Amino acid sequence: MAAREETREQLSSSWICLSAKCFPITTCSHSKSPENSSEIYHSAVDHTLSKQTTTRKPGGWKSMPYIIGNETFERLATVGLLANFNVFLMTQFHMDQVYASNVINIWSGISNFAPILGAFISDAYVGRFRTIAFSSFAALLGMVCLTLVVSVPDLHPPKCTDKQANLNQCVGPTSSQFGMLILGLGFLTIGTGGIRPCSLPFGLDQFDSTTDKGRRGITSFFNWYYVTFTIVLIIALTVVIYIQDSVSWILGFALPTGFMAFSIVLFFVGMRIYVYIKPEGSVFSGIAQGLMVAYKKRKVKLPEDGARHGVYYDPPPVGTSALSKLALTNDLRFLNKAAIILDGDVKADGSKANAWKLCSVQQIEEVKCLINIIPVWASGIICFLAFSQQGTFTVSQALKMDRQLSPKFQIPAGSLAVISMITIGLWVPLYDRVIVPSIRKVTKLEGGITNLQRIGIGILFSALSMVASGICEKMRRDSAIAHPSPDGIAPISVMWLAPQLILMGFAEAFNLIGQIEFYYKEFPETMKSLAISLVFVTNSGANYLSTLVVNIVHSTTAKNGKPDWLTKDINEGRVDYFYYLIALMGVINLAYFLVVSRRYRYKRARMVGDEKPGFDVELTGEVKQ
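Position in the sequence shown counted from 1, then plus 2, gives you the working numbering.
Hints listed in this document are in silico derivations from the structure and should not be mistaken for laboratory results. This structure is a prediction, so every number in the text was calculated from the model and none was measured. A portion of the hints provided could be inaccurate.
In silico lysine to aspartate or glutamate, DMTMM-like type, Cα no more than 20 Å apart, as pairs [as the list claims (entries may be wrong)]:
no.: 1; residue 1: Lys354; residue 2: Glu306
no.: 2; residue 1: Lys349; residue 2: Glu306
no.: 3; residue 1: Lys564; residue 2: Asp578
no.: 4; residue 1: Lys161; residue 2: Asp214
no.: 5; residue 1: Lys301; residue 2: Asp347
no.: 6; residue 1: Lys359; residue 2: Asp316
no.: 7; residue 1: Lys570; residue 2: Asp164
no.: 8; residue 1: Lys476; residue 2: Asp571
no.: 9; residue 1: Lys165; residue 2: Asp489
no.: 10; residue 1: Lys303; residue 2: Asp316
no.: 11; residue 1: Lys523; residue 2: Asp434
Use the sequences and the hints to build the structure in full.
What follows is the structure, encoded as C-alpha cells:
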C-alpha cells in the first residue's frame, strides 16, 4: 500500500515540472499475458495486486536511447514544421489573416480531438507500440506532402512581389493546391491522434513501478522528457523558423521531414528491447455502457436509503480498479439504476450476463466523476481561446512591426512564442520550489493553493493578456498610421509584444498545468486516459470557438463604409477591439468559474483498505466528512 501511494505521489508531483505544452500522460489498462505469448507483457498493476513476476525484466534505461531519441526527433519535426505555419499560409499561400486563422483553428481542433480516438484504439485493440508505429508513418506521409507543396511549383500559388502584396493582388491557391495542403494536414492529424496519447506512457511502460529502481527511473524519465522537449521547442522556434523565413521554405520543411524519418528508424531499432503492454479495454466503453444502461432502467425504482446490500452490483475490484475503488453516492442518483440487479442480470458465478444490461457501482461512479467535472472543464475553453490567438493574430502583429535586431538579423515572427516558453520554464521551478513552500506554511495545503484556485488564477491571467494585447495593438496601429510606409510596418519594436506573451505564459503555467493536475487527481486510475485527454478536447473546443468568433467579428463589424475589425490589412482593421472582446469573454468566464468551483467538492475515492471513505474537500481546502 505504501509503495502504491509513493508511486502515485511521484507521478502526480512530476506534472508540476512539465511544460504546459508538453504532451500529457494517458494510461492504458493491462492484463496478464499468456505463458507462451510471442510478445512480452508487463503490468505494474498485476505486480501490485498479485505479486506476480514476469519472465523478462522491463526494458528500463536500455530502451531509453531509442524512445527518448524517437520522441526528440518526432517533436522537432512536428513543432518545426507547424510553429511557423501561419506565416507560411499568409506569405506563401497568400491567405488573409482570417482565412489563415480559420484553416489553423479548424485543423488544430480536429488534431486536438484525434487523441481521444487514438487513446481508445490503443487501449482497446492494438496497444501503444502499434499505435505509435502506424501513426508515425502517417505523420511522415503528411510531412512529405507538405514538403512537396513548397517544393513543386504546380502545388503552390505563384510567387508574389512586394508591390503585388501591398496592392492585395497576390494570387491565392487553386482547389487542387489547397486539396494537397489539406491532404498533408490530414495525414498529420492521424499521426497526432496516435502519437500524442501513447508516446509518453510507452516510455513509462519500460519501468517497473513496484520497485525503487523503477520508480526512480520513472522520475528521471519525466525529467529527461521535459529537458528534451524544452530543447526541441527552443530549436524549433528559433533555428528551424529562421531557416524557413530567411533561407528557404523548402529546406525549412525538408529538415523536419528528415527528422521524422530518422525518429521512425530509431523507434524500430529498439524493438527487441521494449516492453509491450497488452490492451485490455477502454474506459470509453464503460462510460457508454453506464449511460445506456441507466437509460434502459430509467423506470426501475431506486431502493430505500440503507437498502443497498445485494441490490447493487458491486463485485470485488480487479486490475487498475483496485487502486481507486469508489463508493456508491447519492449524487446523480438516477445513474444508480444502472447498477441495480434484476432477474437474469447476473450469472451463477457472479459475473454480468450482459455488459449492456448491468453496470457495476465502480462504472457508475466513474461516469459521475466525468459529469461532475464537465462544468469546470468548460471554463477552460474560453481561457484556451486566448491561447489560440498566440499563433495567429499575434503573428500578424509581429509581421507589421520592426523585427530588426541588427542590420543583418531579423527576428522571425513565429519565433516570438519562445517568450511564453521561457516564462513558463523560469516560473514553474520558482513556483514549485520557492513560492509553494511559503504559501503552504499559511494554508496548510500540500500544493499551497488548491488546483481550482490555480486554474482560476490562470483564467485571470489569460484575460489580462488579452487586455495587454489590445493596448499593444493600439500602439502599433497608431504608430503605423502616423508613420505610413509602403509595406505598412510600424516603426515600433516587436518586443512590445513581450508583455502579452509573458502574461500568456503565466496563464498557461497556472491554468493548463493546473487542469492537468486537477484531472489527474480527481479521476480514478481507470480513467486517467480520459482525464488527460480532456485537455486536448479543451484545446479543440477553443479552436472551434475561435473560428466562430473570428467569422462573426469578420462578417458583422464592417459599418459606415469602414472595414471590419479583422480585414486583410491589419492597419485598417481594429484587432485591438477583437482582443478586448476576448478579454470581456474572459472576465465573464472567470465569474462563471467562481460559481462552479464554489459548488465543486474535491472527492476522495474510497481506496481499498481506506478506513474513512467519503471525504469532500472544498475549494478553500477545508475537509468535510
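Hints, one by one, checked against the model:
no.	hint	in the structure
1	Lys354 / Glu306	violated (24 Å)
2	Lys349 / Glu306	violated (25 Å)
3	Lys564 / Asp578	holds (15 Å)
4	Lys161 / Asp214	violated (60 Å)
5	Lys301 / Asp347	holds (16 Å)
6	Lys359 / Asp316	holds (14 Å)
7	Lys570 / Asp164	holds (15 Å)
8	Lys476 / Asp571	holds (14 Å)
9	Lys165 / Asp489	holds (9 Å)
10	Lys303 / Asp316	holds (18 Å)
11	Lys523 / Asp434	holds (17 Å)
When held up to the earlier numbered hints, the structure conflicts with 1, 2 and 4 and fits the remainder.
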